[in-house]
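Trainee: Chains as they are written, first to last, in our numbering: chain B, 144 to 681; chain V, 207 to 339.
Just so you know, the hints here were simulated from the structure itself, not pulled from any lab data.
Keep in mind it's a predicted model, so treat the numbers as computed, not measured.
Beta carbons are placed, not taken as given, at the ideal position from N, Cα and C, and that holds for glycine.
Do not rely on the hints blindly, as some may be mistaken.
Under the rule of at most 30 Å between Cα atoms (straight-line distance), these lysine-lysine pairs were calculated in the DSBU-like manner [claimed, not checked]:
{"hint": "1", "chain 1": "V", "residue 1": "Lys272", "chain 2": "B", "residue 2": "Lys389"}
{"hint": "2", "chain 1": "V", "residue 1": "Lys272", "chain 2": "B", "residue 2": "Lys435"}
{"hint": "3", "chain 1": "B", "residue 1": "Lys389", "chain 2": "V", "residue 2": "Lys273"}
{"hint": "4", "chain 1": "B", "residue 1": "Lys276", "chain 2": "B", "residue 2": "Lys566"}
{"hint": "5", "chain 1": "B", "residue 1": "Lys629", "chain 2": "B", "residue 2": "Lys412"}
{"hint": "6", "chain 1": "B", "residue 1": "Lys566", "chain 2": "B", "residue 2": "Lys204"}
{"hint": "7", "chain 1": "B", "residue 1": "Lys435", "chain 2": "V", "residue 2": "Lys290"}
{"hint": "8", "chain 1": "B", "residue 1": "Lys389", "chain 2": "V", "residue 2": "Lys275"}
{"hint": "9", "chain 1": "V", "residue 1": "Lys272", "chain 2": "B", "residue 2": "Lys412"}
{"hint": "10", "chain 1": "B", "residue 1": "Lys370", "chain 2": "V", "residue 2": "Lys290"}
{"hint": "11", "chain 1": "B", "residue 1": "Lys629", "chain 2": "B", "residue 2": "Lys435"}
{"hint": "12", "chain 1": "B", "residue 1": "Lys376", "chain 2": "B", "residue 2": "Lys389"}
{"hint": "13", "chain 1": "B", "residue 1": "Lys412", "chain 2": "B", "residue 2": "Lys435"}
{"hint": "14", "chain 1": "V", "residue 1": "Lys273", "chain 2": "B", "residue 2": "Lys435"}
{"hint": "15", "chain 1": "B", "residue 1": "Lys680", "chain 2": "B", "residue 2": "Lys629"}
{"hint": "16", "chain 1": "B", "residue 1": "Lys289", "chain 2": "B", "residue 2": "Lys276"}
{"hint": "17", "chain 1": "B", "residue 1": "Lys566", "chain 2": "B", "residue 2": "Lys620"}
{"hint": "18", "chain 1": "B", "residue 1": "Lys612", "chain 2": "B", "residue 2": "Lys548"}
{"hint": "19", "chain 1": "V", "residue 1": "Lys273", "chain 2": "B", "residue 2": "Lys566"}
{"hint": "20", "chain 1": "B", "residue 1": "Lys204", "chain 2": "B", "residue 2": "Lys279"}
{"hint": "21", "chain 1": "V", "residue 1": "Lys290", "chain 2": "B", "residue 2": "Lys389"}
{"hint": "22", "chain 1": "B", "residue 1": "Lys268", "chain 2": "B", "residue 2": "Lys204"}
{"hint": "23", "chain 1": "B", "residue 1": "Lys376", "chain 2": "V", "residue 2": "Lys290"}
{"hint": "24", "chain 1": "V", "residue 1": "Lys290", "chain 2": "B", "residue 2": "Lys412"}
{"hint": "25", "chain 1": "V", "residue 1": "Lys275", "chain 2": "B", "residue 2": "Lys435"}
{"hint": "26", "chain 1": "B", "residue 1": "Lys612", "chain 2": "B", "residue 2": "Lys680"}
{"hint": "27", "chain 1": "V", "residue 1": "Lys290", "chain 2": "V", "residue 2": "Lys275"}
{"hint": "28", "chain 1": "B", "residue 1": "Lys412", "chain 2": "V", "residue 2": "Lys273"}
{"hint": "29", "chain 1": "B", "residue 1": "Lys677", "chain 2": "B", "residue 2": "Lys639"}
Interface residues of chain B toward chain V, partial, derived using beta-carbon atoms under 10 Å [unchecked claim]:
{"hint": "30", "residue": "Ile244"}
{"hint": "31", "residue": "Ala484"}
{"hint": "32", "residue": "Pro508"}
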Amino acid sequence: MAGLATTFGSGAMTNSINEIENAQVILVSGSNTTEAHPQIARRMLDAVDRGAKLIVIDPRKTLLAEFADIHLDIRPGTDIPLLNAMMRIILDENLVDDLFIEMRTENYYQLRDMLYRLDLDEAAKTTGVELSKIYKAAQLYAQAQKSVICYCLGITQHICGTRNVQSLANLAMMTGNVEKGDTGVDPLRGQNNVQGACDMGALPNVFPSYQPVGNIDFREKFEAAWKVNLPSKSGCTLMEMTHSGKDGPIRAMYIMGENPMLSDPVLSKVEETLRNLEFLAVADIFLTETAKLAHVVFPAASFAEKTGTFTNTERRVQMVRPAIAPIGNCRTDADIISALALRLGYAMDYDSPAEIMEEIAMLAPIYGGMQHDRLEACWGLQWPCWDRSHPGTQFLHKYYFTRGKGHFVPTEHEPPSEMPDKKYPFLLITGRIYHHYHTGTMTRKSSTLNRECNEALLQINQVDADQLKVRNGETLKVTSRRGEIKLTAEISEQVKPGSVYTTFHFAEAPINLLCIDTWDPLANCPEYKVCAVKVTKP
Amino acid sequence: MQDVLTTCVYCGCGCGVYLQAENGRVVGSTASRNHPVSRNNLCVKGWHLHEFIHHPDRLTEPLIRKKGKLVPTSWDEALDYTAKELARIRDQTDNQGIGVLSSAKCTNEENYLLQKFTRAVLQTNNIDHCARL
Ligand code: SF4
Chain B
144 MAGLATTFGS GAMTNSINEI ENAQVILVSG SNTTEAHPQI ARRMLDAVDR
194 GAKLIVIDPR KTLLAEFADI HLDIRPGTDI PLLNAMMRII LDENLVDDLF
244 IEMRTENYYQ LRDMLYRLDL DEAAKTTGVE LSKIYKAAQL YAQAQKSVIC
294 YCLGITQHIC GTRNVQSLAN LAMMTGNVEK GDTGVDPLRG QNNVQGACDM
344 GALPNVFPSY QPVGNIDFRE KFEAAWKVNL PSKSGCTLME MTHSGKDGPI
394 RAMYIMGENP MLSDPVLSKV EETLRNLEFL AVADIFLTET AKLAHVVFPA
444 ASFAEKTGTF TNTERRVQMV RPAIAPIGNC RTDADIISAL ALRLGYAMDY
494 DSPAEIMEEI AMLAPIYGGM QHDRLEACWG LQWPCWDRSH PGTQFLHKYY
544 FTRGKGHFVP TEHEPPSEMP DKKYPFLLIT GRIYHHYHTG TMTRKSSTLN
594 RECNEALLQI NQVDADQLKV RNGETLKVTS RRGEIKLTAE ISEQVKPGSV
644 YTTFHFAEAP INLLCIDTWD PLANCPEYKV CAVKVTKP
Chain V
207 MQDVLTTCVY CGCGCGVYLQ AENGRVVGST ASRNHPVSRN NLCVKGWHLH
257 EFIHHPDRLT EPLIRKKGKL VPTSWDEALD YTAKELARIR DQTDNQGIGV
307 LSSAKCTNEE NYLLQKFTRA VLQTNNIDHC ARL
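With the hints as extra help, turn the sequences into a complete structure.
Mentor: See below:
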């Protein structure tokens, strides 16, 4: 979430989920909300029922797009020219919030200069959307008192993901649509506890609560609390570890509850790395593709078998409570880690997860008042929650941005690193579907969910289907410069001619084999969403 | 039958869900009426939240690789071997050679412990999770 952190000083959703239903204009970018965040989609549709306007930026006609007042069906990867065009229009129409810019932000003039250089007709041409539609969207967004932006994987998984997010933030700041209730910029986090994993410092460069490991003051604080010397150098990112290669620097890995063998964009590289490790330990609830390569596999307890907390996408920290004891011989991940630490000569023994949370509250300021007894007594608390008397925070950046002043970062278009050509004429877009969750480790084991949808489909437009002489349900071979897979054809008006769409839930058809090994240099974020492919009958 | 209020694991919305437990088995899930996110409503994933918990494919024993195959073992053997290998590789690579992946599906407390373990015991900041994916 590097984009929002640079601009606002915090990478989290600025609003609460329930604020979305009060917005007057909702701009949704690259988020298949009805499938990935059903409750948030409900709020959006409730708002629409009440008269709010919905703008959807998505190359596909998603379910949400069908409810949109304006659907900006851009070419994949052209978010930045679209947003820049919107901002130029806002500038020309004098819909800018000068007071907000003056008081609360910095570097605006650099953005303005860049916008003045922009050729609107050309930008519209790049995006493939009529200029009149972009005009309408810009006016709608800027004229409302309460406009909210939601975005998801679609926007962060491009090569220019970080800049896309900065662009959205520019749009919001330029019109003063942050820092109040019911208006802001909201990244919708995918997995249930992504927010928490980040907050807890499961990141190579920060301790819990985003305190940089390179900063001597923070390091000393943790050294004193943990009674041990700590390394100051930032660590390797996920990609640097899993793409370390056959003779790479990573010789051993410990993997808790993740399945990079399915979720990583370039599987062959991950497999090469994992197969050549001297030692791999995996803790998980199922024998995943990754666990199959391990030297040791620990059977972990599921969420129904343990106590703890999750942090949802609106920064709400909530209790997880055990319904049953760990099944079979399973243990909780906390027990496994403590047992390992003890064997390595470092005592990490806690009476209960509540005691771990006490330590977190002491060391992570944004969780300062989040002890279990408080969380038990309410529906959770939203961070920042500085101390035991703090009520939590419904929306961020009231009065001032976390970083002080909101920082405009002008961004310019960078085409996706691979575009269709003669040999690979289709643009493949990947996304997720409603019933399955991330790589499907859990959902595919649920018989009901599997029955509803158990094969990987390739959506293809009628026009292209006719040309290839394919019918619904036929098998198609999809080839990219990196590999090939077989998928079942589903003719659909959701995709434009020239584009095909599929999801990444199925072990039988690992879409990631096809993807590109380039990633956003700023967020180290794999380019998931588009690559060029050839579609043929096998 | 016992109802236990907990949090759904299938997406970042974080609905409040009651798991219904009977004789040590979780047999159903229902929405929490007053929870600010779920408000008496779940999506299809939430209503089927309990289904994977007792799936026959759940791992229930530690496994260890012997002669190329993963075979059941005791907790002690699995933990001893893991600790020994981690210590060996940590020391041989000057704290640079071990990578740790944490999980966006595990609790905050577990993520906290794993990053503490990585930094304090393995002496490296090589820790990340799949937030980016
Ligand atoms: S019930 Fe559905 S919307 Fe609610 S947290 Fe679970 S997956 Fe998300």
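Trainee: Now look at each hint and say whether the structure bears it out.
Mentor: Evaluation of the provided hints:
For the proposed pair Lys272 of chain V and Lys389 of chain B, the alpha carbon gap of about 22 Å is at most 30 Å, so the pair holds. A C-alpha spacing of about 13 Å is found between Lys272 of chain V and Lys435 of chain B, which places the hinted pair at or below 30 Å, so the restraint holds. Under the criterion of a C-alpha separation no larger than 30 Å, the hint pairing Lys389 of chain B with Lys273 of chain V is consistent with the structure, at around 21 Å. Under the criterion of a C-alpha separation no larger than 30 Å, the hint pairing Lys276 of chain B with Lys566 of chain B is inconsistent with the structure, at around 33 Å.
The hinted pair formed by Lys629 of chain B and Lys412 of chain B meets the criterion: a straight-line CA distance of about 20 Å does not exceed 30 Å. Simply put, Lys566 of chain B and Lys204 of chain B have alpha-carbon atoms about 27 Å apart, close enough for the 30 Å limit, and the pair holds. For the proposed pair Lys435 of chain B and Lys290 of chain V, the alpha carbon gap of about 21 Å is at most 30 Å, so the pair holds. Taken as a hint, the Lys389 of chain B and Lys275 of chain V pair is honoured in the structure, with Cα atoms around 21 Å apart against an allowance of 30 Å.
With a CA separation close to 25 Å, the supplied pair Lys272 of chain V and Lys412 of chain B stays within the 30 Å bound. About 22 Å separates the Cα atoms of Lys370 of chain B and Lys290 of chain V, which keeps this hinted pair within 30 Å; it holds. Taking the CA atoms of Lys629 of chain B and Lys435 of chain B, the gap is near 23 Å; set against the 30 Å cutoff, the hint holds. For a cut-off of 30 Å, the pair hint linking Lys376 of chain B to Lys389 of chain B stands: about 24 Å separates their Cα positions.
The straight-line distance between the Cα atoms of Lys412 of chain B and Lys435 of chain B is roughly 16 Å, inside the 30 Å bound, and the hint therefore holds. Straight-line distance between C-alpha atoms of Lys273 of chain V and Lys435 of chain B comes to about 14 Å, which keeps the hinted pair within the 30 Å bound. Between Lys680 of chain B and Lys629 of chain B, the direct Cα distance comes to roughly 9 Å. Compliance with the 30 Å bound is thereby established for this hinted pair. This hinted pair checks out: Lys289 of chain B and Lys276 of chain B have alpha carbons roughly 21 Å apart, not beyond 30 Å.
Taken as a hint, the Lys566 of chain B and Lys620 of chain B pair is honoured in the structure, with Cα atoms around 14 Å apart against an allowance of 30 Å. In summary, the hint linking Lys612 of chain B to Lys548 of chain B is not supported, as the alpha carbons are separated by about 57 Å, beyond the 30 Å threshold. Note on Lys273 of chain V and Lys566 of chain B: the hinted pairing is violated, with a Cα-Cα distance of about 46 Å set against a maximum of 30 Å. For the hint pairing Lys204 of chain B with Lys279 of chain B, the CA-to-CA distance comes to about 19 Å; that is within 30 Å, so the pair holds.
Between Lys290 of chain V and Lys389 of chain B, the direct Cα distance comes to roughly 22 Å. Compliance with the 30 Å bound is thereby established for this hinted pair. Note on Lys268 of chain B and Lys204 of chain B: the hinted pairing holds, with a Cα-Cα distance of about 19 Å set against a maximum of 30 Å. Taking the CA atoms of Lys376 of chain B and Lys290 of chain V, the gap is about 25 Å. The hint holds against a cut of 30 Å. Among the hinted pairs, Lys290 of chain V with Lys412 of chain B is consistent with the structure: their alpha-carbon atoms are about 27 Å apart, no more than 30 Å.
Between Lys275 of chain V and Lys435 of chain B the CA atoms are separated by roughly 9 Å; this keeps the pair inside 30 Å, and the hint holds. A distance of roughly 9 Å separates the Cα atoms of Lys612 of chain B and Lys680 of chain B; the hinted pair therefore holds under the 30 Å criterion. Restraint check: the Cα-Cα separation between Lys290 of chain V and Lys275 of chain V comes to about 20 Å, which is no more than 30 Å; the hinted pair holds. Pair hint Lys412 of chain B plus Lys273 of chain V holds up; C-alpha atoms about 25 Å apart against a cutoff of 30 Å.
This hinted pair checks out: Lys677 of chain B and Lys639 of chain B have alpha carbons roughly 16 Å apart, not beyond 30 Å. The interface hint given for Ile244 of chain B is broken, as the beta carbon of that residue sits about 31 Å from the closest beta carbon of chain V, more than 10 Å. At a threshold of 10 Å, the smallest CB-CB gap from Ala484 of chain B to chain V is about 5 Å, leaving the interface hint in force. Evaluation of the Pro508 of chain B hint against chain V yields a violated restraint, the C-beta minimum of about 14 Å exceeding 10 Å.
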